[in-house]
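2 protein chains.
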Amino acid sequence: MHKPAITQTPIDTTLSNRWSGRAYDAAKGVTHAQVITLLEAARWAPSCFGDQPWRFVVWNKGSDATTWQQAFDCLVPGNQAWVKDAPLLLLICADTLFGHNQQANRWAQYDTGAAAENLCLQASSMGLMAHQMGGFDANKARSEFKIPEQYTLMAMVAVGYPADIATLEGETLARETAERVRKPLSELFFEATWGKSVKGLNE
Amino acid sequence: MHKPAITQTPIDTTLSNRWSGRAYDAAKGVTHAQVITLLEAARWAPSCFGDQPWRFVVWNKGSDATTWQQAFDCLVPGNQAWVKDAPLLLLICADTLFGHNQQANRWAQYDTGAAAENLCLQASSMGLMAHQMGGFDANKARSEFKIPEQYTLMAMVAVGYPADIATLEGETLARETAERVRKPLSELFFEATWGKSVKGLNE
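Sequence order for the protein chains is A and B.
All the letters of the first sequence, read from the start, carry residue numbers 1 to 203 under my numbering.
All the letters of the second sequence, read from the start, carry residue numbers 1 to 203 under my numbering.
Hints should not be assumed to be uniformly reliable.
The list treats identical chains as interchangeable, and a pair is accepted whether it falls inside one copy or across any two copies.
Derived EDC-like pairs: lysine to aspartate or glutamate, alpha-carbon spacing no greater than 16 Å straight-line [claimed, not checked]:
{"id": "1", "residue 1": "K146", "residue 2": "E191"}
{"id": "2", "residue 1": "K28", "residue 2": "E176"}
{"id": "3", "residue 1": "K196", "residue 2": "E171"}
{"id": "4", "residue 1": "K3", "residue 2": "D64"}
{"id": "5", "residue 1": "K196", "residue 2": "E144"}
{"id": "6", "residue 1": "K199", "residue 2": "E171"}
{"id": "7", "residue 1": "K28", "residue 2": "D164"}
{"id": "8", "residue 1": "K3", "residue 2": "E176"}
{"id": "9", "residue 1": "K199", "residue 2": "D64"}
{"id": "10", "residue 1": "K196", "residue 2": "D64"}
{"id": "11", "residue 1": "K199", "residue 2": "E187"}
{"id": "12", "residue 1": "K183", "residue 2": "D95"}
{"id": "13", "residue 1": "K3", "residue 2": "E179"}
{"id": "14", "residue 1": "K3", "residue 2": "D164"}
{"id": "15", "residue 1": "K28", "residue 2": "D95"}
{"id": "16", "residue 1": "K199", "residue 2": "E169"}
{"id": "17", "residue 1": "K140", "residue 2": "D73"}
{"id": "18", "residue 1": "K183", "residue 2": "D51"}
{"id": "19", "residue 1": "K28", "residue 2": "E171"}
{"id": "20", "residue 1": "K199", "residue 2": "E176"}
Keep in mind the hints are simulated off the structure, nothing from the lab.
Excised from the complex, chain A in its bound form (with noise of 0.2 Å):
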């Protein structure tokens, strides 16, 4: 499905056709050629003394459905829902500590967030649609994947292929095609100093 973000001067169209849609095409799985495509644009985010913070965990319904459900049995009821038909399913995690000297990283969370919005975007510019989570058991999965302590979890990841529109009705329906919406500019962005609206073009 097709959704673009409706912003006041277009954008890149990498960035303005990416969304986090729900409802996923089960038929449709995710190749480990894809999945490396994924991590290599998620792999060229910038980060603070190009330390890569990031540390994802991979796991693909079509080649190891176990694991699979290992990590969907993290998420909570409610993403569980939707997310069932999802072939892909990723674990975000960022490195509290520098590799170059072991001290604390403060821009850990913060370059890793770029690197999984790299990766959505790869997924979206693909066909493919990803959809981000922080609805899940952190403890449970750090416990069953052994993720050491110096790693903070920060999200899980769904992706797959869009289900067809047709295909989806009722609730399901209204909630892909609902318009998209975002706080207006001048919330967000100020200009000079702190609580000075930048003036939008249409404003």
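With chain A held as given, fit chain B onto it using these hints.
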């Protein structure tokens, strides 16, 4: 300067073309319309509960050189050395509390990193170059620009047109033309469980 990421499989060019150079063209400014486009791109990043925890302050040397200088003065000397020719500066902050319930938002920095990455990608897509910096005096910036305690100061960003490579020499030229590097896929990304490296296509 065109300096795309070297990837095993082709990735979206909006992602591969973004890079953090340091040589800006002091003669070329950034218009307000371009600023709006950069902010629009940031605005459409995804966030937990759709909270959009990012807040940016923007300084455009072309329209207000005095406040641009105030922002510039918050950078560490090592960054000032090359940021001096960049016409646009931004400060990226993360709202530590969710808007809907004023509880701690553990994804504030992570989501803010995604919005900042969108801005950098949009810049690159417009022929501009954006370079994020952790090297600035956050206490000074908070005090100068009256940023409430609720917001964490994450990064400053320099934006402008890249300088013509033919005008560069010595270390500046070497730095701008050096090969871009990243850790191998196998160090950053795991399959099914922690520490089991994803196999790349070429490995």
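Hints violated by the structure (numbers, ascending)
2, 3, 4, 6, 15, 16, 19 and 20
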